Structures are given as C-alpha cells and as structure tokens.
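**Student:** The C-terminal residue of the sequence shown carries number 416 in the working numbering, and the numbering is unbroken.
Simulated from the structure, these hints should not be mistaken for laboratory data. There could be a bad hint or two in this list.
Claimed, not checked - Subject to a maximum C-alpha distance of 25 Å in a straight line, what follows is the list of computed SDA-like cross-link-like pairs (lysine to any residue):
#, residue 1, residue 2
1, K298, E330
2, K263, Y360
3, K17, S206
4, K263, E136
5, K362, A305
6, K208, L24
7, K362, D381
8, K116, N129
9, K407, G50
10, K362, D379
11, K298, K407
12, K18, H144
13, K263, K116
On a predicted model such as this, the values are computed, not experimentally measured, just so you know.
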Amino acid sequence: MYGHMGKILRIDLTNKKATVEPLTEEVVKKFIGGRGLGAKILWDELKPGTDPLSPENKLVFTVGPLTGTRAQSAARWIAQFKSPLTGTYFRSVGGGFFGAELKFAGYDAVIVEGKAEKPTYVYINDDNVEFRDAERIWGMTTHVAREFLWEETDKRARMVMIGPAGERLVKISAIVTDDMRTAARGGGGAVMGSKNLKAIVVRGSKKPEMYDEEAFNEAVKEQIESYRNNPGFEGFHNLGTNFAVYPFYTLGHFPTYNFKQKELEGVERFQAEVLSQYVVKHVGCYGCMIRCGKIFKLTKGPYAGTVWDFPEYETHWSFGGNLGNINIESIVYANMLCDSYGLDTISAGVAIGFAIELYEKGIIGKSETDGLELRWGDPDIIPELVKRIALRIGGLGNLLAEGTRKAAELTSSPP
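Please model the complete structure; the sequences and the hints are all you need to start from.
**Tutor:** The structure is reproduced here in structure tokens:
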C-alpha cells in the first residue's frame, strides 16, 4: 500500500454524515491509480438510469499513488461522475495543489453523494470533517469565493469549488481549484451544483509512506534529468502548452472556423515570440519543476489591466482559431471569465463556434441571438457570449448552456 493512504472518505450531503472506509490492497492491485479506483466505485455504486443531476448521482474525487510525492508531473486529481452533458460515465482531470493536499489529509478518494438541503461546503482538516453553511458565498465567482473560504478555514488550505455556472446547472460547467486549475470536461460543476455543494476545502498534515525513499529519490533525479535533456523542455517551460499553437497550425492540427478549414489569416500572432511577450510570471503544480503555468498581463485594448492565468493550448484554439479570432487579449479575457464563472473553455468555445455557424447559414437570426450579430473573428462577441452561457442569460445563453448536442436537437429543422 506504499504511496496510498489506505482510506476512502464518504460524504453524505443529505444526512450531513462523513464516514471513513478502508482502501484494500486487492482493489489497489486490480484498479490502477486514481482513474481506476474512481471508475470501480461508480461501477459498483451507481444504478443504471441514474439522472446525472439527481441526488443519486455520485461525484468521486481520486488521486494516484504518486500524488503528493516528489515524482514529476504527478500532481493530478480526477473527478469522476455520470455526466449531465453526455449521460455517460465521465472523468475529468485537474492539476495544481488540491490533489496533494487531499493525500496529505489522509485520503485516496472522496465519494460525494446525496444532496444538501441548502448551499453547503465541506471542510476536511485531516480526520475532522465539517459541513458548513455556504449561503453567504453562493453566487460568488470562484476567485472571490476562494478568499472567503480561506478566511473561514485556513490560509494554507486547498480547495475545489464551483462558480455561478455550476450553481445554474450549466452542463459545460467546471470544477475549479483555488489556483484556477480545472477539471472542466463533462459538466462536473453542474453535478456539484445539483448537490448544493459549493466547495470542498482540504487541509492535511500527513505524508504518504515510501517503500524505499532513497531509491525513489534517485528515480526522481533521473526523471528530472530526462526532462531537462528533452529537446522540447525549454519551449514547454517558457510558454507552457502555448508553445505548440503555431507549430500545430503548420502541421494541420489547429482547425479553424468551427472545423470548416485549416487556414487562418493573421495566425502569425500565435507564434511563440509574440505570446511570450505577455508572460509576467511562471507557476507550476505541486512538486513539478517544469512550471509550465504562465501568468499573462494585458496592457492594451479594452481588456488592458487584466492579469490572469494563461489560456492553455485547447483554450487558445477554442476561443482563437475555432472562432476565426486572432485577438490574444480577447482569448485571455474569455479564459479569465471561464475560470471565474466555472466554465469549460473548450466546450464554451465550441458552443460559440456552433452558434456563429448557425447564424452564418441563416438557421438562427437576431431574434434567436437576443439581438447579437454573430461574426467570425469578432473578438468582442466572445466574452459577451461566455457571460451569457455561464449565467444562462437570454435564449441563446440558456440554449448553449445545454451543450452543442442538446442545442442542435433544439434548433434542428423539422424533417
């Protein structure tokens, strides 16, 4: 069981009850890592036909045996659930420091079930688990709620939470950490919102036990050395996943205009030497020397003064090439709004591209867009639509909040 804490925490929101269950060696050997463990739990406990937004759905947070150790690129945590977006099993992965802190509190998994009577957050401090009133922070954006939760718990605590999008059961809503890492795919934020769960705050003081710490440390040294000797290390460290945007475009891996073509006029704006001018700080996940996270600062245009986590490659694509948009400032700002409201950047950009193409083809008009004119390459329309989706504002915002499959069903012409 080395690397594991050997415990699963079950949180019953309906009855405000927390129980600890053992993680057996048999399960650890048969179901590898956090992903395997979470999938087994849902397979065993979730009944067929369960409504994803009902109290019967379960949300499982898991970490693997390397989480919370010096192993590189292992600070991941996984949220697994039945998705309100797809109606199927779903797993979404986040980074940052939350996973390590969950391990330090003594748990390999947290199973969330039931539904709280009113907005609630759970505070886990090692073996102590409290159910606390979240009505005061319900409706707050993530970065604001974070400050209130730190004030009420521990400044050193780590957390996962939802923003207004999850509270409104937006089916492309995200689960967000205090350091703005996200498990955003599949609508996990809506699952939390359906349970009246604003956040899980964790503080721990334990460490996972190692079988041979000296040998492990030597292996980590070799891993770090292999990273440094990798030809792509410098680019990845300097710019994160954004270093791949322009090269991927030249290779044909950067679809544009809602997948209608490859060419994007002005795409040179996405070259590394241009994007690097926005970087003002390097950040990283727990224990990782790559520090691929970047903080961007905007100094011009309508979004000047914005300082926020950089848009990852997928975000740069979804709000950039996918929409025919080369305005970097609007991409950064839209990314900030998604993190604040708790929205999946990939699905949000795809939903906007879907809407623009519908408008272009005359399938919807201004009466369906609440007066908005949707055009490819218009940087100003993107943040506006992000807000409308996250807050379910107007007919279009409410429609796109359901995800593109449901939106397509609702806008399709009769046979």
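**Student:** Given the hint that K362 pairs with D379, does the C-alpha gap stay at or below 25 Å?
**Tutor:** At roughly 17 Å apart (the allowed maximum being 25 Å), D379 and K362 satisfy the hint.
**Student:** K263 and E136: Cα distance at most 25 Å?
**Tutor:** violated, 47 Å
**Student:** So if I understand the rule, the pair passes when the alpha-carbon distance is 25 Å or less; does K263 with Y360 pass?
**Tutor:** With a Cα-Cα distance of about 21 Å, the restraint between K263 and Y360 holds, given a limit of 25 Å.
**Student:** For the pair supplied as a hint, K116 and N129, is the alpha-carbon distance within the 25 Å limit?
**Tutor:** Holds, because 20 Å separates the two Cα atoms, which is no more than 25 Å.
**Student:** Just to be careful, I want the Cα atoms of K208 and L24 compared with a cutoff of 25 Å; is the pair within it?
**Tutor:** At roughly 16 Å apart (the allowed maximum being 25 Å), L24 and K208 satisfy the hint.
**Student:** Taken at face value, is the distance from the CA of S206 to the CA of K17 at most 25 Å?
**Tutor:** Roughly 24 Å between the alpha carbons, so the hint for K17 and S206 holds.
**Student:** Holds or violated: are the alpha carbons of K18 and H144 at most 25 Å from each other?
**Tutor:** violated, 28 Å
**Student:** Holds or violated: K298 and K407, Cα atoms, limit 25 Å.
**Tutor:** violated, 36 Å
**Student:** When you check the alpha-carbon spacing of K263 and K116, does it fall within 25 Å?
**Tutor:** Not OK: K263 and K116 at ~46 Å, beyond 25 Å, violated.
**Student:** Run the distance test for K362 versus A305: straight-line Cα separation, threshold 25 Å.
**Tutor:** Violated: K362 and A305 sit about 34 Å apart, past 25 Å.
**Student:** Given the hinted pair K362 and D381, is their alpha-carbon gap at most 25 Å?
**Tutor:** Status holds; Cα separation ~21 Å.
**Student:** Need the status of pair K407, G50: alpha-carbon distance at most 25 Å?
**Tutor:** holds, 18 Å
Hints 4, 5, 11, 12 and 13, counting from the list given before, are not met by this structure.
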